[in-house]
Amino acid sequence: MASGTTTMSNDTILKVEHLSMRFGGLMAINDLSLEAKRGEITALIGPNGAGKTTVFNCITGFYKPTMGMITLNQKSGKQFLLERLADFEITKHAKVARTFQNIRLFSGLTVLENLLVAQHNKLMKASGYTILGLLGVGSYKREAAAAIEKARYWLEKADLIDRADDPAGDLSYGAQRRLEIARAMCTEPELLCLDEPAAGLNPKESLALNTLLRGIRDEGTSLLLIEHDMSVVMEISDHVVVLEYGQKISDGTPDHVKNDPKVIAAYLGVEDDEVEEVISEELEGGAR
Amino acid sequence: MEYFIQQLLNGLTLGSIYGLVAIGYTMVYGIIGMINFAHGDIFMLGGFAALIVFLILTSFFAGIPVALALLLMLIIAMLVTSLWNWTIERVAYRPLRGSFRLAPLITAIGMSIALSNFIQVTQGPRNKPVPPLINDVYHFGDITFSLKQLVIVIVTAVLLAVFWYIVHRTPLGRAQRATEQDRKMAALLGVDVDRTISITFVMGAALAAVAGTMYLMYYGVASFTDGFTPGVKAFTAAVLGGIGSLPGAVLGGLLIGLIESLWSAYFSIAYKDVATFAILAFVLIFKPTGILGRPEVEKV
Amino acid sequence: MTEQNFPATPGLMAKALKEGIFAGVLALGMFLLYVGIKTDQNINNELIWYPRWGLLAIFVLVAGIGRFLIVGFVAPHINQRRLAKAKAGIPEVSEDKGFFRKHFLKIALVALVLYPPVVMSIYGTQGSLKFVDNFGIQILIYVMLAWGLNVVVGLAGLLDLGYVAFYAVGAYSYALLSDLFGLSFWVLLPIAGILAAFWGIILGFPVLRLRGDYLAIVTLAFGEIIRLVLINWTDVTHGTAGISGVAKASIFGIWSFDVGASNNFAKSFGLPMSSAYYKIFLFYVILALCMLTAYVTLRLRRMPIGRAWEALREDEIACRSLGINTVMTKLTAFAIGAMFGGFAGSFFAARQGFVSPESFVFLESAVILAIVVLGGMGSLTGIAIAAIAMVGGTELLREMEFLKLIFGPDFTPELYRMLLFGLAMIAVMLFKPRGFVGSREPTAFLKERKAVSGSFTKEGHG
Chain C
1 MASGTTTMSN DTILKVEHLS MRFGGLMAIN DLSLEAKRGE ITALIGPNGA
51 GKTTVFNCIT GFYKPTMGMI TLNQKSGKQF LLERLADFEI TKHAKVARTF
101 QNIRLFSGLT VLENLLVAQH NKLMKASGYT ILGLLGVGSY KREAAAAIEK
151 ARYWLEKADL IDRADDPAGD LSYGAQRRLE IARAMCTEPE LLCLDEPAAG
201 LNPKESLALN TLLRGIRDEG TSLLLIEHDM SVVMEISDHV VVLEYGQKIS
251 DGTPDHVKND PKVIAAYLGV EDDEVEEVIS EELEGGAR
Chain E
1 MEYFIQQLLN GLTLGSIYGL VAIGYTMVYG IIGMINFAHG DIFMLGGFAA
51 LIVFLILTSF FAGIPVALAL LLMLIIAMLV TSLWNWTIER VAYRPLRGSF
101 RLAPLITAIG MSIALSNFIQ VTQGPRNKPV PPLINDVYHF GDITFSLKQL
151 VIVIVTAVLL AVFWYIVHRT PLGRAQRATE QDRKMAALLG VDVDRTISIT
201 FVMGAALAAV AGTMYLMYYG VASFTDGFTP GVKAFTAAVL GGIGSLPGAV
251 LGGLLIGLIE SLWSAYFSIA YKDVATFAIL AFVLIFKPTG ILGRPEVEKV
Chain W
1 MTEQNFPATP GLMAKALKEG IFAGVLALGM FLLYVGIKTD QNINNELIWY
51 PRWGLLAIFV LVAGIGRFLI VGFVAPHINQ RRLAKAKAGI PEVSEDKGFF
101 RKHFLKIALV ALVLYPPVVM SIYGTQGSLK FVDNFGIQIL IYVMLAWGLN
151 VVVGLAGLLD LGYVAFYAVG AYSYALLSDL FGLSFWVLLP IAGILAAFWG
201 IILGFPVLRL RGDYLAIVTL AFGEIIRLVL INWTDVTHGT AGISGVAKAS
251 IFGIWSFDVG ASNNFAKSFG LPMSSAYYKI FLFYVILALC MLTAYVTLRL
301 RRMPIGRAWE ALREDEIACR SLGINTVMTK LTAFAIGAMF GGFAGSFFAA
351 RQGFVSPESF VFLESAVILA IVVLGGMGSL TGIAIAAIAM VGGTELLREM
401 EFLKLIFGPD FTPELYRMLL FGLAMIAVML FKPRGFVGSR EPTAFLKERK
451 AVSGSFTKEG HG
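Residue numbers (the UniProt record's numbering), protein chains in the order written: chain C, 1 to 288; chain E, 1 to 300; chain W, 1 to 462.
These are calculated hints, taken from the structure and not from any lab test. Small disclaimer: the values here were computed from a predicted structure and weren't measured. The beta-carbon is built from N, C-alpha and C at its ideal position, and this holds for glycine as well. Some hints could be false.
As the list claims (entries may be wrong) - Only pairs whose alpha carbons sit at most 30 Å apart, straight line, appear in this in silico DSSO-like list of lysine-lysine:
hint: 1; chain 1: W; residue 1: Lys15; chain 2: W; residue 2: Lys85
hint: 2; chain 1: W; residue 1: Lys432; chain 2: C; residue 2: Lys150
hint: 3; chain 1: W; residue 1: Lys447; chain 2: C; residue 2: Lys204
hint: 4; chain 1: E; residue 1: Lys287; chain 2: C; residue 2: Lys64
hint: 5; chain 1: W; residue 1: Lys447; chain 2: C; residue 2: Lys141
hint: 6; chain 1: W; residue 1: Lys447; chain 2: C; residue 2: Lys157
hint: 7; chain 1: C; residue 1: Lys150; chain 2: W; residue 2: Lys267
hint: 8; chain 1: W; residue 1: Lys432; chain 2: W; residue 2: Lys458
hint: 9; chain 1: C; residue 1: Lys125; chain 2: W; residue 2: Lys458
hint: 10; chain 1: W; residue 1: Lys450; chain 2: C; residue 2: Lys141
hint: 11; chain 1: W; residue 1: Lys450; chain 2: C; residue 2: Lys122
hint: 12; chain 1: C; residue 1: Lys122; chain 2: W; residue 2: Lys85
hint: 13; chain 1: C; residue 1: Lys64; chain 2: W; residue 2: Lys85
hint: 14; chain 1: W; residue 1: Lys106; chain 2: C; residue 2: Lys141
hint: 15; chain 1: W; residue 1: Lys450; chain 2: C; residue 2: Lys157
hint: 16; chain 1: W; residue 1: Lys458; chain 2: C; residue 2: Lys92
hint: 17; chain 1: C; residue 1: Lys64; chain 2: C; residue 2: Lys37
Unchecked claim - Derived CB-CB ranges, DEER-like:
hint: 18; chain 1: C; residue 1: Tyr153; chain 2: W; residue 2: Val187; range: 48 to 54 Å
hint: 19; chain 1: C; residue 1: Phe23; chain 2: W; residue 2: Ala108; range: 31 to 37 Å
hint: 20; chain 1: C; residue 1: His93; chain 2: W; residue 2: Leu180; range: 23 to 29 Å
hint: 21; chain 1: C; residue 1: Phe23; chain 2: W; residue 2: Ile107; range: 47 to 53 Å
hint: 22; chain 1: C; residue 1: Gly220; chain 2: W; residue 2: Val113; range: 19 to 25 Å
hint: 23; chain 1: W; residue 1: Arg211; chain 2: E; residue 2: Ser99; range: 18 to 24 Å
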């Protein structure tokens, strides 16, 4: 059970309302509504093909939703309608960062360079959109040094400081996952969306990841994550949303969701009539 | 009206030739995802082979029936270019398969330069005129339709039928389509991928040789530079029709042929190639998958 | 069959013989018509043909024996060496840098600055012309063009097959504007660069959302369109005839190289009249332009925009997820690459004194791209080496008069220039698919700067 409920506030950071996404004849997401609270780790789970990554792609602007509204509330009170922004603007202005299911690092750049690219917008401004920086005037030098310091901070957090000057493609799988998270954090997001961060990690790496994610939350960044590994979900999330066939079937604390018969049915993959059976059994058994 | 139909017929003839060459581009692109830049020069090699065979035939057998001469020209040109393309794939492209993506493209450009200059060096830089092979012309009112145009359209149609049969009705075609979909999986299922790719190059070359022979017959002249412009136009045709799609290549070829002849007739001959290239750019910008191509979804 | 693992396999000779014969037969089939028979026009412009069996035999024998030797001797030998190396555990890349490699750039620059006076002292004023012009200027133009294209292809990973269009824009801008307004080279040089960059943005804007090969083909189409317009817009460009008498550059307006001018360089210094001075001046101009290109490129690489280019080459989607406006990033790469092309173009026009569409064919784009890829994308040193090897090598062919002694007086080595260029492109790609310099220098480091091996860098998809 998560212990981070102490910093919880009732403030909603992300609100998804009546989201639908259609690919040709396929309804990948159907009228989905969900909320993520500020300062919490919200997990999005569901069987394969439930539409989790599609939800992510809609939130981060890689897909334009067919219908629905996605609102992001910043700490400052500023609101953004994400479905109206281009993908890069969502990161740049709305401060939502993301990672990818199949890791997308700049494998030919060094670990440090990866983190510097993530601070592009800030550095661009400091370099006077390249022109002042090229002439050697302005605050670019100072900002560049600050960027390296920020990178160093996240490298230490992600336990990658010894590999800073190695190519990102040379890292182990687990280290690449952590680097991708560190890189996303260098954009200074208010909401961090992680697509299966624990996939393919060994138990030790998985543990280190949990620590890293909790640390990120405790520093004030809210997290939204897709995860298959139930132990990770149960361990670190404050709030769980369950999807199946593009629809929400359950929503609540990890304990609540764990015992929801619909969730059990979805995960065990029973037939529809059996689901009803399970539900009725549960109801009769008075488990709730 | 007659003028329009006349131009339509001319465009159809030219389009058939582009379509034949376009198939070679589209098949190779479909199967190994590579723009075979040297394909236009294979087409040029085919034209030269036909030219040389024609010269030999007419000097040894002066009274040879035209149909037989044409058949021999076609067959020998197809054989020779097949050998060339097979060897080129084997020597220059296969070692680079799965390597750095730009490497095969650069190799293909290098091959294109090498092939056209090889012909320049061995056969000389001057244009080679051949006496007209077929002179018959039919008149329908104001419209003239020459026998050679008819031959071109018929040969193209027959070859396309044969080709369609091979790709859709034979085990070889199935292997090709499987390799195109997923090379690794095809290999796991026992398709000899290397052989399939080789055959694809051979088939593309044979069709290009036919196109080269027709081009020679139609224009009556061959030059070592003939690979580039028709090659790019045929590639445009392949893209216009939807690269990877065989009917698309033919459709694209016909469209390019029609556009070219109609543009020359009604607007300006000088800018006919500009029209072709502009269409290529427009299609790619607004409908990159072409007319019959499959839509591509960006995977995140 | 080259994957022979055990060199001393029994039956190796039989196999080599078989492959040799196969190669010979294949060569016979391939070359029978093209080499075995020569077509020519007689006085009546009719085609005639005559056989060249001897030459054909040479081709077939070379192919057969060559293949036999490779399969039978060379391949086993190479495998043996590779095996020994693997056993000894020697890494393929050695990390130590000698004095020469460490200071390579400085040494190269000093050598280049000293090149014209040295050549002049050896071959005399007039004799140096060939070396300064054909080898010096010619190679440096390609170095500059390739460095310019490197920004687009090598750094940003956008495949551009129509780069020569910007070269043409630069050349025609200079030729036309100097003719119309009488402006000097030094005024028009930046204008030509800006115009080319402007065209880069105009052409780039609609096409930059295209991916990979599609982008390559559209840029090729644009390159051809610009060339065709230059050919057909005769009122302005004089079509294929081109524009001649393009004004020469001057030494900042102080000394001129026009023969009749009162401030003629040679006259002012009491030197004998020679076109060599102009060439030497141009050599230093293009050298300075190259240095400018290199300086700007190196500086930009360490700036956020340069890092964004390289990140774009590695993974465009990840770039967007980090808040980078990829369209703007691509456009700046396109514009800056085009600008360098424009500079090179206006220099070219001033050097030739003549521009025509003939100089801006697709082949030029292909050659420049080939130099970038052969050099190793992104590496300025590698690209310079590739330019010297490819352009210098083909220029060298012009000089090989002694070949006439071997192949007879009719032999013109120049004819084989492009044939060999094409074959060299293929050979380099086969043996070094990542080019001469495959590794990249990181732009920032915490503890030490370690080169990134080419196996990690991506080539971009655009």
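Hints, verified against the model:
For the proposed pair Lys15(W) and Lys85(W), the alpha carbon gap of about 26 Å is at most 30 Å, so the pair holds. Proposed proximity of Lys432(W) and Lys150(C) is contradicted: the alpha carbons are some 39 Å apart, above 30 Å. Between Lys447(W) and Lys204(C) the alpha-carbon distance is near 28 Å, which keeps this suggested pair within the 30 Å criterion. Using a Cα cut-off of 30 Å, the hinted pair Lys287(E) and Lys64(C) holds, with the two alpha carbons roughly 19 Å apart.
Using a Cα cut-off of 30 Å, the hinted pair Lys447(W) and Lys141(C) holds, with the two alpha carbons roughly 18 Å apart. Restraint check: the Cα-Cα separation between Lys447(W) and Lys157(C) comes to about 18 Å, which is no more than 30 Å; the hinted pair holds. At roughly 63 Å between alpha-carbon atoms, Lys150(C) and Lys267(W) are farther apart than 30 Å, so this suggested pair is violated. At roughly 15 Å between alpha-carbon atoms, Lys432(W) and Lys458(W) fall within 30 Å of each other, so this suggested pair holds.
Proposed proximity of Lys125(C) and Lys458(W) is supported: the alpha carbons are some 28 Å apart, at most 30 Å. Taking the CA atoms of Lys450(W) and Lys141(C), the gap is about 22 Å. The hint holds against a cut of 30 Å. About 26 Å separates the Cα atoms of Lys450(W) and Lys122(C), which keeps this hinted pair within 30 Å; it holds. About 49 Å separates the Cα atoms of Lys122(C) and Lys85(W), which puts this hinted pair outside 30 Å; it is violated.
Of the supplied pair hints, the one linking Lys64(C) and Lys85(W) is violated, its CA atoms being roughly 55 Å apart against a limit of 30 Å. Distance check on the hinted pair: Lys106(W) and Lys141(C) sit about 26 Å apart at the alpha-carbon level, within 30 Å; holds. Taking the CA atoms of Lys450(W) and Lys157(C), the gap is near 23 Å; set against the 30 Å cutoff, the hint holds. At most 30 Å may separate the alpha-carbon atoms for a hinted pair to count; Lys458(W) and Lys92(C) meet this at roughly 25 Å.
At roughly 23 Å between alpha-carbon atoms, Lys64(C) and Lys37(C) fall within 30 Å of each other, so this suggested pair holds. Roughly 50 Å separates the CB atoms of Tyr153(C) and Val187(W), a value that falls within the hinted 48 to 54 Å. At about 55 Å, the beta-carbon gap between Phe23(C) and Ala108(W) misses the expected band of 31 to 37 Å. For the pair His93(C) and Leu180(W), the supplied restraint of 23 to 29 Å is violated, since their beta-carbon distance comes to about 47 Å.
At roughly 59 Å, the beta-carbon separation of Phe23(C) and Ile107(W) lies outside the given 47 to 53 Å, and the hint is violated. Here the CB-CB span from Gly220(C) to Val113(W) is close to 57 Å, at odds with the stated 19 to 25 Å. The hinted range of 18 to 24 Å is satisfied by Arg211(W) and Ser99(E), whose Cβ atoms lie roughly 20 Å apart.
Hints 2, 7, 12, 13, 19, 20, 21, 22, counting from the list given before, are not met by this structure.
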